[in-house]
Amino acid sequence: MAVSVQKTDVVRLDQCDPNFIREVEEAGGVNVQACYQCGTCTGGCPTVFAMDYTPRQIIRMVHLGMKDEVLSSMSIWVCSSCYTCQTRCPRGVHITDVMSALKSISIREGRTPANPKGPVFYKTFVDIVEAYGRMWELELSLKFTNKAEPEIPNKLAMLLRDAPLGLAMFTKGKLPLAPHKILNIGQIRSIYENIRAVEGEK
Amino acid sequence: MKYAYYPGCTIFGSGLEYQISTLAAAKELGLELVDMPDWNCCGASSSPSHGHDLTLALQARNIAIAEEMGLDILTICNECYNNLAHAAILFNENQSKKDEINSLIRDTGHQVKGTVKVRHLLDVVLHDIGPEALEKLVRRRLTGLRLAPYHGCLALRPPEIAIDSAENPTSMNQVLEVLGAEVVPFDKFTAACCGSSVLLTQEDVALRLSYNILKGAKDAGADAVVTMCPLCHLNLDFKQKRMQKKFETELGVPIIYFTQIIGLVLGLSSKELGLSKNLTSTKKVVKFVESLPFST
Chain P
1 MAVSVQKTDV VRLDQCDPNF IREVEEAGGV NVQACYQCGT CTGGCPTVFA
51 MDYTPRQIIR MVHLGMKDEV LSSMSIWVCS SCYTCQTRCP RGVHITDVMS
101 ALKSISIREG RTPANPKGPV FYKTFVDIVE AYGRMWELEL SLKFTNKAEP
151 EIPNKLAMLL RDAPLGLAMF TKGKLPLAPH KILNIGQIRS IYENIRAVEG
201 EK
Chain Z
1 MKYAYYPGCT IFGSGLEYQI STLAAAKELG LELVDMPDWN CCGASSSPSH
51 GHDLTLALQA RNIAIAEEMG LDILTICNEC YNNLAHAAIL FNENQSKKDE
101 INSLIRDTGH QVKGTVKVRH LLDVVLHDIG PEALEKLVRR RLTGLRLAPY
151 HGCLALRPPE IAIDSAENPT SMNQVLEVLG AEVVPFDKFT AACCGSSVLL
201 TQEDVALRLS YNILKGAKDA GADAVVTMCP LCHLNLDFKQ KRMQKKFETE
251 LGVPIIYFTQ IIGLVLGLSS KELGLSKNLT STKKVVKFVE SLPFST
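Chains P and Z are the protein sequences, given in the same order.
For the first sequence, counting from 1, position 170 maps to 170 in the working numbering; every step adds exactly one.
For the second sequence, counting from 1, position 52 maps to 52 in the working numbering; every step adds exactly one.
Hints may contain errors.
[Unchecked claim] In silico EDC-like links for lysine to aspartate or glutamate, alpha-carbon gap of 16 Å or less:
| # | chain 1 | residue 1 | chain 2 | residue 2 |
| --- | --- | --- | --- | --- |
| 1 | P | Lys117 | Z | Asp38 |
| 2 | P | Lys181 | P | Asp127 |
| 3 | Z | Lys241 | P | Asp162 |
| 4 | P | Lys202 | Z | Glu100 |
| 5 | Z | Lys245 | Z | Glu203 |
| 6 | P | Lys117 | Z | Glu100 |
| 7 | P | Lys181 | Z | Asp38 |
| 8 | Z | Lys245 | P | Asp162 |
[Stated by the list, open to error] If you anchor each label on the Cβ, the simulated ranges turn out as follows:
| # | chain 1 | residue 1 | chain 2 | residue 2 | range |
| --- | --- | --- | --- | --- | --- |
| 9 | P | Glu201 | Z | Arg146 | 53 to 61 Å |
| 10 | Z | Asp38 | P | Gly166 | 45 to 53 Å |
| 11 | Z | Lys271 | P | Leu177 | 21 to 29 Å |
| 12 | P | Glu199 | Z | Lys287 | 54 to 62 Å |
| 13 | P | Leu177 | Z | Gln244 | 46 to 54 Å |
| 14 | Z | Asp38 | P | Glu199 | 24 to 32 Å |
| 15 | Z | Ser165 | P | Phe49 | 24 to 32 Å |
| 16 | P | Leu183 | Z | Ser103 | 22 to 30 Å |
| 17 | P | His180 | Z | Gly30 | 22 to 30 Å |
| 18 | Z | Asp219 | P | Gly186 | 40 to 48 Å |
| 19 | Z | Gly70 | P | Lys155 | 46 to 54 Å |
| 20 | Z | Lys287 | P | Cys38 | 48 to 56 Å |
| 21 | P | Phe49 | Z | Asp187 | 20 to 28 Å |
Don't read these hints as lab results, they were simulated from the structure.
Backbone N, C-alpha and C define an ideal beta-carbon position, used for all residues, glycine too.
Use the sequences and the hints to build the structure in full.
Next comes the structure, spelled out in structure tokens:
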């Protein structure tokens, strides 16, 4: 679902979703309603310089039900999950967990976020874990580049740019060419299957 | 001192020298690290993709394996530590969540009881071994070596899983001081985020954050930055050349695991500690340490 949202100073209440805050809480955004907008989170955020809305604004937008704006924002994908905001919050809002919850809702609903690389990364990561039970860095970086850079010249440019580093890692024995798959991979796949089944019931 | 050893997936690749040096140093430190049979990935920051329950279920299988061994889990990666510690606390405290996750892992043949603790190796060195016992093992003091201790985020925050103060940690400083090193002023950066989790998705952001940390270390006159997490390490070491290019500054700051530093002090060779595997050359530091006398 492609949503085109303009950053605006006007809040259109008729376009807000009153259930959004509950959805965020259910996805792990503990205490999101407790925020009193002091801005401590924004003050301490190391990645706020690259965000379109500050963490404080994101929380307020969740309160107001501005679902489309929040889920299409850059901010939720810029968050590096350092937990500084959550640690400092005087109201006990689990802000970092709110950001993770927003990412998960965005992915679940198939939104097209301001940074499409975000969902691509997470999906690639969990797919590799489902396949081998463990991460395989080479496949992660190759698959991520392939999916995140849709244009062929961009793909090639990325691969060429990363080749010397890859070679350096390879010569030091730090770039295995095969995954270290776990023995009982069926157990991991059963976990994924069970989670899909539960998700399907919701 | 015996633990169920959870090394994390980086040991097969980017974190190879962390594994090599951890195993070598642990032997000298008298830590018995028992391999966890068939451990799985902790999922790192994967939870957004399948919801929080996937992350918890991945921890649950590992925690159950450790419980079957009757041992607490020891990790060396901040991200693995954060995920495992979060889950262990939750399972120990919240019966209904534990039941829910146990249902998700029912086909694995494992079930979580909620009895084990999760520890980070740095915390174990400082609190289970302790400064006094560590000092007795020191074979050469690092007199004159200037080190920047870098703790990162995920073993410090959020507070419920923290091994130290969330923003003013001193664990690594204490260890390095016992080893006789000079700890450079680094308080502003020691718990600052390196941006590792957005390295692939927001490279500019990650490079900026890491550059600040390395510049801080360089300005403080550090001979090396000492790390305790393979993801921080990857970001600071692997991407250093790119930072140099982007910010047009010569960095050349060696990034060394605290296990490699401990190993050198205990008299292990640079080869036994994988010090040629670090990407930014560690030769100068190794040469300096090897020139230091062994205590009698």
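Status of each hint after checking the structure:
Proximity of Lys117(P) to Asp38(Z) is assessed by CA-CA distance (about 31 Å); at most 16 Å being required, the pair is judged violated. Straight-line distance between C-alpha atoms of Lys181(P) and Asp127(P) comes to about 13 Å, which keeps the hinted pair within the 16 Å bound. Taking the CA atoms of Lys241(Z) and Asp162(P), the gap is about 12 Å. The hint holds against a cut of 16 Å. For the given pair, Lys202(P) sits about 15 Å from Glu100(Z) by alpha-carbon distance, which is consistent with the 16 Å threshold.
Under the criterion of a C-alpha separation no larger than 16 Å, the hint pairing Lys245(Z) with Glu203(Z) is consistent with the structure, at around 14 Å. Proximity of Lys117(P) to Glu100(Z) is assessed by CA-CA distance (about 32 Å); at most 16 Å being required, the pair is judged violated. This hinted pair checks out: Lys181(P) and Asp38(Z) have alpha carbons roughly 9 Å apart, not beyond 16 Å. Straight-line distance between C-alpha atoms of Lys245(Z) and Asp162(P) comes to about 14 Å, which keeps the hinted pair within the 16 Å bound.
With their beta carbons about 58 Å apart, Glu201(P) and Arg146(Z) fall inside the hinted range of 53 to 61 Å. Range check, Asp38(Z) to Gly166(P): Cβ separation about 29 Å, and the 45 to 53 Å hint is violated. Look at Lys271(Z) against Leu177(P): about 24 Å separates their beta carbons, and that is inside 21 to 29 Å. Against the hinted window of 54 to 62 Å, the Cβ-Cβ separation of Glu199(P) and Lys287(Z) comes to about 56 Å, which satisfies the hint.
In this structure the hint that Leu177(P) and Gln244(Z) lie 46 to 54 Å apart at CB is violated, the actual value being about 28 Å. At about 26 Å, the beta-carbon gap between Asp38(Z) and Glu199(P) stays in the expected band of 24 to 32 Å. One distance hint, 24 to 32 Å for the beta-carbon pair Ser165(Z) and Phe49(P), holds here, with the actual separation near 26 Å. Hint check: Leu183(P) to Ser103(Z), Cβ distance near 24 Å, so the stated range 22 to 30 Å holds.
Roughly 28 Å separates the CB atoms of His180(P) and Gly30(Z), a value that falls within the hinted 22 to 30 Å. Range check, Asp219(Z) to Gly186(P): about 53 Å between beta-carbon atoms, so the 40 to 48 Å window is missed. Between Gly70(Z) and Lys155(P) the C-beta distance comes to about 49 Å, which sits within the given range of 46 to 54 Å. The hinted window of 48 to 56 Å between Lys287(Z) and Cys38(P) holds, with their beta carbons roughly 51 Å apart.
As the Cβ distance of Phe49(P) to Asp187(Z) is approximately 22 Å, the hint placing it in 20 to 28 Å holds.
The structure fails to meet hints 1, 6, 10, 13 and 18 from the earlier list, while all remaining hints are met.
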